[in-house]
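Chains as they are written, first to last, in UniProt numbering: chain A, 1 to 458; chain B, 1 to 458; chain C, 1 to 458.
Watch out, some of these pointers could steer you wrong.
One copy or any two copies: either way a pair holds, since identical chains are not told apart in the list.
[As the list claims (entries may be wrong)] Computed list of lysine to any residue pairs in SDA-like fashion (alpha-carbon distance at most 20 Å, straight line):
#: 1; residue 1: Lys209; residue 2: Val317
#: 2; residue 1: Lys209; residue 2: Val169
#: 3; residue 1: Lys323; residue 2: Leu13
#: 4; residue 1: Lys323; residue 2: Gln436
#: 5; residue 1: Lys323; residue 2: Glu124
#: 6; residue 1: Lys323; residue 2: Pro438
#: 7; residue 1: Lys209; residue 2: Pro438
No lab work stands behind these hints, which were simulated from the structure alone.
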Amino acid sequence: MAGSPSRAAGRRLQLPLLCLFLQGATAVLFAVFVRYNHKTDAALWHRSNHSNADNEFYFRYPSFQDVHAMVFVGFGFLMVFLQRYGFSSVGFTFLLAAFALQWSTLVQGFLHSFHGGHIHVGVESMINADFCAGAVLISFGAVLGKTGPAQLLLMALLEVVLFGINEFVLLHLLGVRDAGGSMTIHTFGAYFGLVLSRVLYRPQLEKSKHRQGSVYHSDLFTMIGTIFLWIFWPSFNAALTALGAGQHRTALNTYYSLAASTLGTFALSALVGEDGRLDMVHIQNAALTGGVVVGTSSKMMLTPFGALAAGFLAGTVSTLGYKFFTPILESKFKVQDTCGVHNLHGMPGVLGALLGVLVAGLATHEAYGDGLESVFPLIAEGQRSATSQAMHQLFGLFVTLMFASVGGGLGGLLLKLPFLDSPPDSQCYEDQVHWQVPGEHEDKAQRPLRVEEADTYA
Amino acid sequence: MAGSPSRAAGRRLQLPLLCLFLQGATAVLFAVFVRYNHKTDAALWHRSNHSNADNEFYFRYPSFQDVHAMVFVGFGFLMVFLQRYGFSSVGFTFLLAAFALQWSTLVQGFLHSFHGGHIHVGVESMINADFCAGAVLISFGAVLGKTGPAQLLLMALLEVVLFGINEFVLLHLLGVRDAGGSMTIHTFGAYFGLVLSRVLYRPQLEKSKHRQGSVYHSDLFTMIGTIFLWIFWPSFNAALTALGAGQHRTALNTYYSLAASTLGTFALSALVGEDGRLDMVHIQNAALTGGVVVGTSSKMMLTPFGALAAGFLAGTVSTLGYKFFTPILESKFKVQDTCGVHNLHGMPGVLGALLGVLVAGLATHEAYGDGLESVFPLIAEGQRSATSQAMHQLFGLFVTLMFASVGGGLGGLLLKLPFLDSPPDSQCYEDQVHWQVPGEHEDKAQRPLRVEEADTYA
Amino acid sequence: MAGSPSRAAGRRLQLPLLCLFLQGATAVLFAVFVRYNHKTDAALWHRSNHSNADNEFYFRYPSFQDVHAMVFVGFGFLMVFLQRYGFSSVGFTFLLAAFALQWSTLVQGFLHSFHGGHIHVGVESMINADFCAGAVLISFGAVLGKTGPAQLLLMALLEVVLFGINEFVLLHLLGVRDAGGSMTIHTFGAYFGLVLSRVLYRPQLEKSKHRQGSVYHSDLFTMIGTIFLWIFWPSFNAALTALGAGQHRTALNTYYSLAASTLGTFALSALVGEDGRLDMVHIQNAALTGGVVVGTSSKMMLTPFGALAAGFLAGTVSTLGYKFFTPILESKFKVQDTCGVHNLHGMPGVLGALLGVLVAGLATHEAYGDGLESVFPLIAEGQRSATSQAMHQLFGLFVTLMFASVGGGLGGLLLKLPFLDSPPDSQCYEDQVHWQVPGEHEDKAQRPLRVEEADTYA
């Protein structure tokens, strides 16, 4: 059948029909279920409500834009390093995020703010949806270059649901604290993508090996992503934190942790680099692990030193992961991890979760004072000891790994459905499969400006 | 005369003298008329004024930076797609915006805040000036590559005045609501530029056709502009909206609309694409129309579903416009629209205005409650019915199209003045006409690092 | 000895060991001395403290992100113009800033917030540390391409200390006002770097001349830096200014000054350009001097006209500096200034300091009213006359130039230590010395997608 006209037409229509179906279904669900919440609806909001308590909410607004910038500019450009896959990297980032934002508004709405037959949305819904889109884009990094856009939309369809359930179980059923999402975003997104990539393992991928590297200017584009992730990570971790000490502490810890992971990354990259030379892949990725590793604990009393130590550890572990573990992951575990999400999100996410276990276990009424209520409400209310909170945090990590692994496995099976359009082994990491691509250089017909011409214009 | 030394000197001096004259004249007018307003002047502001009402003002501050980012990064980089016109695209964006900001501060100041013989400026003046600069840059997109910098400055000189008057007529005389500027910014900027481009029609433009496309990495630079426009559009539409439900609703509606226009664009681009392949031009532009189409109505009770539907419609219409209408626009209507502003701003702007007519016509006291005063003050005060407001909105669109068309026509005649420097037909879309341009590649003399050399350094 | 295996190993280990040592030492000092301040510590912050006075603090949060964006995106990408040094430009920006942030937190902490045996850190510490990192990156611009990363870290180690002391002397001992840092950041950073570059003078640098220019797309990357600096400069100058009129005025003055410097730059660039063509180097740099020149005075009652005049002057002087003075600086004064920091930060910084002298000398109780206390507290309290404040401002400039020159000289001697790794004259401006660099173009083995292949995928 392959190559027959009808099949080709079917394949050509896959993406448009799926987009139209998903957008149509989402729109119908929005029409039936989604309503503005009381802080967004004209009729429910009153100027007289404008109190300090509401102030808290207004401050969210700039944070939302910071998170938004981080997800789109950051994740989008971090993936353009491939020499012939830049269109797909930023383009599919856009596509996936645009769908994930809508779909997770619905999923999270049903889980968290469904009452009176309606989901109630506001600025917080946007931030939560952006977080979920972040997890989907992390998974995208693992399968980058080896999947078509229709496959990716189906991946997002499944992953958004499991992300929402996992987050609900952790935050609401288990009382786990994870403000910046070391577990819910990074660990979940990374292992979901890695297991999925394992199921989609391509033994013949070396046919596309010559396209798997970067070129000089694609690495510079990638640094745009890196820098935006680096600068906005303090806002990302603090985006849903209540105003005041907690938000300041979260930003400060994240900032210190990133600074230390950067120095750790440079040290290790030069140490293990051929002839002492630095590797751009390490700087682009491992330097960011400081943001991941304090995702769970940045709101806690981690101390500035604790933030530095955590960031440094993450940066070094991640760099070593790129150098030594990624090749093993492919050769022994048959996991082809295009962007190295295991090193940027997987290991640092797990480390971050464990750091959260440790810091939670050390929490005392003395160290947190009145702030205990906002950081560990269940301890403050006497429902849990610090040790019990630590155990719950650990169990949360376990749950996340389960959801991610089972979900990634299911996702892999879904994406293997034979009628789905997937690039052949010899055409992975290649924009031309999905895009009309212009040449790399300007038209050869172009001539330099000649003096006669310059003189004759009107 | 052409080619004679004196003429060449005259042409060389055109840009510097115009810059110096415009800057000098602006500075004199600033010296005579512009003063800090009471929220900016040291002597007029008192700490005791620091009330909730003022809070509203402080919150503007981050929004100002968001709008600023959107106008400069967004519009600047959205136009670098041309393979040999990147310097001019970002450079002239800078030049035009820097002049438009000053000039529109004066024009808008005379129209809106002139009392006691002075214009009073503050943070709101900056946001309003940025909006006006946005409209000028939209018009720039229509004539991109076919006009010199001196011509562009003259275009801005005229357009800023007409923008100010049109906005004044709509918002102050007609009581039209247009928070995000579907009419005042997008429709006005697009049709001003399109009519101007019509007057400047070049029948021989195919002489520069080989330079009219993009190259691989120029398309990636363009995606920087796209992403920044996408992420900051919620702030752009909400920048001048009062705090509270209205601002949240504006951001939320814009966000949903953009998500839907993105999915609609991918669907249609793949559907009409050759061999089912996506076209980067569609993604770079049509995916943004969700922000344009809710410009008038995003503050209204559009409902989340309404935002999705509007965005989807705009994305699909815009994509179809790029595919089918832009060629007709050139061949039949003799409008050469370099960036396709008709598809990104023109049609979506008109659609957005009509959507505003519809949503305004459906406004009820029930749906808006206490919020009616801030969204439709004239309806709330009983001076107008919803239907009457809708009619005023429609008339506002008509006025905008008139101002834009007549203004664009006048602008075209102005730019055709024979002594103005304009690139010849064979040198359109070419940086070398205006800039000292380095080569595309590093010096051929460069040699790879040899081992002996590496070993001999101190 | 050169070229011997042991020496090569020693050189290879320099960067990793220095990174590890500096990170280790910083971490120990953090462990001993650094604590959260009362607005960041869970136990010290109380919800009941949430007053208007605190509000002031919360508003800092978005400004922090703006400053952060400006320092990293702005300075990082402004330096990628060199055709073969993009990795080092953004990479070492990252490295230097990550170290400077930590180290200046300690240095500034000891000088400003050391009590009870501890340094107390919060959001303001982050902004102050970012400012210091900015100065270090300015100095980096002077020596860009001619120094290795270990040398740069040592430079930062010294510069951060002197930056902190100079700032302390100016702001706390002399009562100098310098909100946006014309003196403390720009003048200090520039002359520190220039004197250092003088000490490191390389008579044989023409061996690397062929690598010293830009290529077409590296100039576009640089424009990313330029635009981010331009848009966030109002926030940068206003970041540590108290809320209210002062902050608005600072932003407004900076905005006007930048607009005028942009027009002045275009005018002069076209005027002095070969054949009337614009030079991208001028636009990338001189257009930004409007932000530098009002660094000292933007919070003062400069008036909108004053801001325009100052910006215009800075833009023209800076453009002329690039054209005429930079070559003399190298040939006569033996200062090799890679990025032209003398034109972007040096001269405009000194001009900004002198403008501050003038505006301070003209201060009257009438013009400032109640705002005098926040702008010139010592004049408001009657401890100083306006003339005396002006003299102190002038003396502050003198002190800054002293600290910068002596510091830069010491720094140069430090960096000349013979065992430090430095690129040879023939390998300056070359990434390959420090990085594993991929090719400029995609693998030649890559073939276009053939139809048979496209048809055979699963």
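Okay, the hints, checked on the actual structure:
Taking CA atoms no more than 20 Å apart as the test, Lys209 paired with Val317 passes in neither setting, with 26 Å inside one copy and 40 Å between copies. For the homomeric pair Lys209 and Val169, neither the shortest alpha-carbon distance inside one copy (41 Å) nor that between copies (59 Å) is at most 20 Å. In this assembly of identical chains, the alpha carbons of Lys323 and Leu13 lie at most 20 Å apart only when taken from different copies (17 Å versus 41 Å within one copy). In this assembly of identical chains, the alpha carbons of Lys323 and Gln436 lie at most 20 Å apart only when taken from different copies (13 Å versus 35 Å within one copy).
In the homo-oligomer, the alpha carbons of Lys323 and Glu124 never lie at most 20 Å apart, since the shortest distance is 39 Å inside one protomer and 38 Å across protomers. Taking the shortest Cα distances, Lys323 and Pro438 sit within 20 Å of each other only across copies (17 Å), while inside one copy they are farther apart (34 Å). Taking the closest pair of Cα atoms, Lys209 and Pro438 come within 20 Å of each other only across two copies (14 Å); inside a single copy the shortest separation is 22 Å, beyond that limit.
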